Amino acid sequence: MSSQSLVEIRDVNFAYDKRPILKGINMSFPKGKLIAIMGGSGCGKTTLFRLIGGALKPTRGEVKIAGQVIHDLDQQGLYEMRRRMGVLFQFGALFTDMSVFDNVAFQMREHTDLPEEVIHDLVMMKLHAVGLRGTHDLMPAELSGGMARRVALARTIALDPMLIMYDEPFAGLDPISLTVVGQLIRRLNDALGATSIVVTHDVQESLKIVDYIYFVSDGAIIAEGTADDIRASGETFVHQFVYGEIDGPIPFHYPAGNFNNDLGVRA
Amino acid sequence: MPIARSLRGIGSRVVNGVWRIGYATRFFLMILRYSGPSFRRFHLTVKEMFSSGVMSLIIILVAGMFVGMVLGLQGYETLKRYGSESALGSLVALSLVRELGPVLAALLFASRAGSAMTAEIGLMKATEQIAAMEMMAVNPIARVIAPRFWAGVISMPLLASLFSAMGVFGGYVVGVVLIGVDEGSFWSQMQDSVDFNHDILNGLIKSLVFGVAVTVIALFEGYDAPPTAEGVSGATTRTVVESSLAILILDFILTAFMFRGD
Numbered sequence: 001m002s003s004q005s006l007v008e009i010r011d012v013n014f015a016y017d018k019r020p021i022l023k024g025i026n027m028s029f030p031k032g033k034l035i036a037i038m039g040g041s042g043c044g045k046t047t048l049f050r051l052i053g054g055a056l057k058p059t060r061g062e063v064k065i066a067g068q069v070i071h072d073l074d075q076q077g078l079y080e081m082r083r084r085m086g087v088l089f090q091f092g093a094l095f096t097d098m099s100v101f102d103n104v105a106f107q108m109r110e111h112t113d114l115p116e117e118v119i120h121d122l123v124m125m126k127l128h129a130v131g132l133r134g135t136h137d138l139m140p141a142e143l144s145g146g147m148a149r150r151v152a153l154a155r156t157i158a159l160d161p162m163l164i165m166y167d168e169p170f171a172g173l174d175p176i177s178l179t180v181v182g183q184l185i186r187r188l189n190d191a192l193g194a195t196s197i198v199v200t201h202d203v204q205e206s207l208k209i210v211d212y213i214y215f216v217s218d219g220a221i222i223a224e225g226t227a228d229d230i231r232a233s234g235e236t237f238v239h240q241f242v243y244g245e246i247d248g249p250i251p252f253h254y255p256a257g258n259f260n261n262d263l264g265v266r267a
Numbered sequence: 001m002p003i004a005r006s007l008r009g010i011g012s013r014v015v016n017g018v019w020r021i022g023y024a025t026r027f028f029l030m031i032l033r034y035s036g037p038s039f040r041r042f043h044l045t046v047k048e049m050f051s052s053g054v055m056s057l058i059i060i061l062v063a064g065m066f067v068g069m070v071l072g073l074q075g076y077e078t079l080k081r082y083g084s085e086s087a088l089g090s091l092v093a094l095s096l097v098r099e100l101g102p103v104l105a106a107l108l109f110a111s112r113a114g115s116a117m118t119a120e121i122g123l124m125k126a127t128e129q130i131a132a133m134e135m136m137a138v139n140p141i142a143r144v145i146a147p148r149f150w151a152g153v154i155s156m157p158l159l160a161s162l163f164s165a166m167g168v169f170g171g172y173v174v175g176v177v178l179i180g181v182d183e184g185s186f187w188s189q190m191q192d193s194v195d196f197n198h199d200i201l202n203g204l205i206k207s208l209v210f211g212v213a214v215t216v217i218a219l220f221e222g223y224d225a226p227p228t229a230e231g232v233s234g235a236t237t238r239t240v241v242e243s244s245l246a247i248l249i250l251d252f253i254l255t256a257f258m259f260r261g262d
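Chains as they are written, first to last, in my numbering: chain A, 1 to 267; chain B, 1 to 262.
In case anyone wonders, no lab produced these hints; they're calculated from the structure. What you are looking at is a predicted structure, and each value in this text was computed from that prediction instead of being measured. Yeah, the Cβ is synthetic: ideal placement off N, Cα and C, and Gly gets one too. Any given hint could be a false lead.
[Said to hold, decoys possible] Looking from chain B toward chain A, a few residues come up when the C-beta cut is under 7 Å (computed):
| no. | residue |
| --- | --- |
| 1 | Gln-129 |
| 2 | Met-136 |
| 3 | Ala-137 |
| 4 | Val-138 |
| 5 | Ile-141 |
[Unchecked claim] Not the full set, but computed from the structure, chain A residues with beta-carbon under 8 Å of chain B:
| no. | residue |
| --- | --- |
| 6 | Arg-82 |
| 7 | Phe-95 |
| 8 | Glu-110 |
| 9 | Ala-129 |
| 10 | Lys-208 |
| 11 | Tyr-212 |
| 12 | Phe-252 |
| 13 | Tyr-254 |
With the hints as extra help, turn the sequences into a complete structure.
Next up, the structure:
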């Protein structure tokens, strides 16, 4: 599996100042697969996302993309690599001073010498793929949250990337948009022959579409496998997370002192 | 120990201030380094000139007109005491071209366009638009910051010139049309006393320097703003305060070099 992996993470450690965030992470992302990195808030999954994107450098270990160690690349090398990657940010991050059309055309205009007629046709095809061709002359402020996410998705795949990364793609979406975005992520991955990484804590939607899941807790991988493996996991944290139980390894109460003392009551 | 604590506080602020000056200088050098696209794709700069320059026109023109009218009134009152009303044109023009035009236009530019630039960049950062650009292999300094910088630098002398021109017109309206100063002497005294190199060019140099200072401060504050509502609003306030102080301090320094011994 390793020889066919597009992204390889080997023994990655990362710390902010002296606070460890990731501890000895090993992951493999085979070509053509849709893989989720799951975990609760603050577990280190966004840090992993940023390490794969080359925005951070691990304190130990390496992140390889298409055989190249991403954090050893200079700025030009990093930018060349990023041209082959697409990233969907949590709330789309559409450029608010540009129309939907210009947002999707942005990378084509920045990185290619394609004539404007060709760009027009390509943008229309990308927007058609996400079902929003009719919005091409709208501004981002005129779109609903779900529509903005889909336009951002069209922008993400503008240059047919080999690797697509999604940061919390389901956050804040209504149930219909949730299903639409989930299905689009799956369909686009298969149609483009890309490799996709979804960083999310939305269990139910993710388990429907992904091929493999890494479960991260407190900076380490505590479970991994297919959707069925995760559903059947005996790991208490995974069980609490997947079934949304109130109490478990993650307690309901944040650690605090004696309750009576806070209320000023003598025991 | 309250004294030790306050000394630590002062020390920490000084160190923080020096760090920020260092970051801002590095940021300025990065803008210069990545300025190529601002000229190769000049439409990017022109677009920003519209938002920072053209959109500031109304406030600049109206303010210039009223400042000129006040100068006309005040100048006439003072000059009348010495029987030199005919020198009103010189007084209005020199005050505007040398000082009031560049300084007041820059202060208005900082409040109108500078604060808008900071808020825009700060919000782009808070909504991950800057990060998205980085991930699309597009350098945000080259694509977003440098065009805004050059737009501000180019717009500032033009706005200051328009401010001065409107001020002269305001002085003319009050002095000649309303009060009745002789029109011929108003314009001829102005022509005699205003020197192109010494007055107009120096005024333009001042406004160019103010343009650099205001846009660098505005862009740096936006780029450095914490990605929260409070962070962006604090950065916007800092832009106006720091720009205004920078303009007044730089004005003194430039005036000392340009007009000493006149």
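Hints, verified against the model:
no.	hint	in the structure
1	Gln-129	5 Å, holds
2	Met-136	5 Å, holds
3	Ala-137	4 Å, holds
4	Val-138	5 Å, holds
5	Ile-141	11 Å, violated
6	Arg-82	4 Å, holds
7	Phe-95	6 Å, holds
8	Glu-110	5 Å, holds
9	Ala-129	18 Å, violated
10	Lys-208	26 Å, violated
11	Tyr-212	23 Å, violated
12	Phe-252	28 Å, violated
13	Tyr-254	22 Å, violated
In this structure, the earlier hints numbered 5, 9, 10, 11, 12, 13 are contradicted, and the remaining ones agree with it.
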